[in-house]
Amino acid sequence: SAVISQKPSRDICQRGTSLTIQCQVDSQVTMMFWYRQQPGQSLTLIATANQGSEATYESGFVIDKFPISRPNLTFSTLTVSNMSPEDSSIYLCSVEGELSYNEQFFGPGTRLTVL
Amino acid sequence: AQKVTQAQTEISVVEKEDVTLDCVYETRDTTYYLFWYKQPPSGELVFLIRRNSFDEQNEISGRYSWNFQKSTSSFNFTITASQVVDSAVYFCALSEALKGGGADGLTFGKGTHLIIQP
Chain X
1 SAVISQKPSR DICQRGTSLT IQCQVDSQVT MMFWYRQQPG QSLTLIATAN
51 QGSEATYESG FVIDKFPISR PNLTFSTLTV SNMSPEDSSI YLCSVEGELS
101 YNEQFFGPGT RLTVL
Chain W
1 AQKVTQAQTE ISVVEKEDVT LDCVYETRDT TYYLFWYKQP PSGELVFLIR
51 RNSFDEQNEI SGRYSWNFQK STSSFNFTIT ASQVVDSAVY FCALSEALKG
101 GGADGLTFGK GTHLIIQP
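The listed protein sequences derive, respectively, from chains X and W.
According to the working numbering, the first sequence is numbered sequentially starting from 1.
According to the working numbering, the second sequence is numbered sequentially starting from 1.
Only chain X is shown next, with the shape it has when bound in the complex (with noise of 0.2 Å):
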């Protein structure tokens, strides 16, 4: 399975800042999924981010509080903007495995706290 690695592993922020976190794989990876786990909660879909072409949003998140990068095969971000405390969560990102796309490794994830 791919190797995913995620900056920073947590973060406190203060409400109304931007933080941006990045997921890197150890190799090349068509599609690469970001996602948000609330407190307590399950696993929710934020974006799809193929390389190449603009993200794809799930409905009730947005491009402007989730822009989301991808430069290349192996590598992605996501910020979340003008933070408030409801955006406490675990970010996580996954990727495709490489023997069957259809396998989804997720990395360690990151930990965001607003205050």
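Everything labelled a hint here was simulated from the structure, so no lab data went into it.
Certain hints may be false.
Keeping only pairs whose Cα atoms sit at most 20 Å apart, straight-line, the calculated EDC-like set for lysine to aspartate or glutamate is [claimed, not checked]:
1. X:65 with X:87
2. W:70 with W:56
3. W:70 with W:55
4. W:110 with X:86
5. W:3 with X:103
6. W:110 with W:86
7. W:110 with X:87
8. W:3 with W:22
9. W:38 with W:17
10. W:3 with X:58
11. W:110 with X:58
12. W:3 with W:104
13. W:38 with W:15
14. X:7 with W:44
15. W:38 with X:96
16. W:38 with X:103
In this text the structure is predicted, and so the values were computed from the model without any measurement.
The hints should help you fit chain W onto chain X, whose structure is shown.
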């Protein structure tokens, strides 16, 4: 629209008991993929299994087994002879196949918190 239901919010059993985690899904697609993930207290999400809609064979991996039944739209997960290390939140998830190939993002159930008592 797709949906995954894990009706069991929390299950507590004594070590060495067998336990089954239920998962019921809804989708309009004929091609889709079902997943189980484990999230231990440390927080990382561990991939356990992926099953596609055309493969109804049940699968066994050590103490883990999965029962896929399209007739009841269920994909249940059984742990045999449970151990304390199995304590975690388990998520069932669904993705639909994209027309151009590849799979879509995952729709997760709410998860089942499994507690294995020594």
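Hint check:
1. X:65 with X:87: holds, 10 Å
2. W:70 with W:56: holds, 7 Å
3. W:70 with W:55: holds, 10 Å
4. W:110 with X:86: Since the Cα atoms of residue 110 of chain W and residue 86 of chain X sit roughly 19 Å apart, the hinted pair holds (cutoff 20 Å).
5. W:3 with X:103: With a Cα-Cα distance of about 19 Å, the restraint between residue 3 of chain W and residue 103 of chain X holds, given a limit of 20 Å.
6. W:110 with W:86: Holds: residue 110 of chain W and residue 86 of chain W sit about 18 Å apart, inside 20 Å.
7. W:110 with X:87: Measuring from Cα to Cα gives roughly 19 Å; hence the hint holds.
8. W:3 with W:22: holds, 14 Å
9. W:38 with W:17: holds, 19 Å
10. W:3 with X:58: Since the Cα atoms of residue 3 of chain W and residue 58 of chain X sit roughly 14 Å apart, the hinted pair holds (cutoff 20 Å).
11. W:110 with X:58: holds, 18 Å
12. W:3 with W:104: Roughly 14 Å between the alpha carbons, so the hint for residue 3 of chain W and residue 104 of chain W holds.
13. W:38 with W:15: The hint holds at about 18 Å.
14. X:7 with W:44: This hinted pair holds, its Cα atoms lying about 14 Å apart.
15. W:38 with X:96: Holds, at roughly 17 Å.
16. W:38 with X:103: holds, 14 Å
Checked against the numbered hints listed earlier, the structure breaks none of them; every hint is satisfied.
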